[in-house]
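What follows is each chain in one-letter form.
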Amino acid sequence: DAGITQSPRHKVTETGTPVTLRCHQTENHRYMYWYRQDPGHGLRLIHYSYGVKDTDKGEVSDGYSVSRSKTEDFLLTLESATSSQTSVYFCAISATGGNNQPQHFGDGTRLSIL
Amino acid sequence: SQKIEQNSEALNIQEGKTATLTCNYTNYSPAYLQWYRQDPGRGPVFLLLIRENEKEKRKERLKVTFDTTLKQSLFHITASQPADSATYLCAPDSGNTPLVFGKGTRLSVIA
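In the order they appear, the protein sequences are chains A and B. If you're matching positions, the first sequence starts at 1 in the working numbering and goes up one per residue. If you're matching positions, the second sequence starts at 1001 in the working numbering and goes up one per residue.
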């Protein structure tokens, strides 16, 4: 299995609080991704990174920011969490972006915002 | 806008039968198409990738077809087993942008 660790695995927090999710990889892959998965919507891309300090927005980026200061770590921050951000968040990695490279996923963070 | 449709949210079949899942896409010209499996509480796991010039690809009991004229991929599981029960996701791959996934089909294989 690809070495991807997401932390925390579960979190419950209150509306308006900041939340940071961490994705750590040991594969030295260039690309890292954050998705959210919700019933009826499937997996939706939030942000992705194509190198240290290089990031871009995905389909549902509003309300989220990311940072990548090291190859192995990709952080997702909810500056002021809202109930609509309750979801399961998945991190994924790939050696290159698209171009027939499979993505490898972590096991997710279940985030509940009350 | 780009759209991916997986034929049904849920599919129930008897053990031993062949399961066929459909992935249709519009406003795409993917050079590849990827299939993933997702078990409850886990992240998706890559299964197969098929290229646009490959009509069919096989891996053990899995078979994937890719018809760029119909803009469709079919995913077959032969001799299905209860352990094949999972959600299966397709992802057309244009090669130069992040993958976009279909919503998935939840397969239940009944013993």
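Bear in mind the hints are in silico, worked out from the structure with no lab data behind them. It is possible that part of the hints are untrue.
[Stated by the list, open to error] The list that follows gives simulated cross-link-like pairs (lysine-lysine, DSS-like), each with its CA atoms no further than 25 Å apart: (1) Lys1103(B) to Lys1059(B); (2) Lys57(A) to Lys1103(B); (3) Lys1059(B) to Lys57(A).
[Stated by the list, open to error] Here are the computed distance ranges between Cβ atoms for each label pair: (4) Arg1042(B) to Thr71(A): 22 to 32 Å; (5) Glu1060(B) to Ser83(A): 39 to 49 Å; (6) Gln1014(B) to Glu14(A): 23 to 33 Å.
C-beta: ideal position from N, C-alpha, C; glycine also.
Outcome of the hint check:
A threshold of 25 Å between alpha carbons decides the hint, and for Lys1103(B) with Lys1059(B) the separation of about 23 Å falls inside it, so the pair holds. Only pairs whose Cα atoms come within 25 Å are accepted, and Lys57(A) paired with Lys1103(B) is accepted, the gap being roughly 20 Å. Between the alpha carbons of Lys1059(B) and Lys57(A) the distance comes to roughly 35 Å, so the proposed pair goes past 25 Å and is violated. In this structure the supplied range 22 to 32 Å holds for Arg1042(B) paired with Thr71(A), their Cβ-Cβ distance being about 25 Å.
Checked against the hint of 39 to 49 Å, the C-beta distance between Glu1060(B) and Ser83(A) comes to roughly 43 Å, which is consistent with it. For Gln1014(B) and Glu14(A), the Cβ-Cβ distance of about 47 Å falls outside the hinted range of 23 to 33 Å, so the restraint is violated.
Of the numbered hints given earlier, the model fails hints 3 and 6; all others are met.
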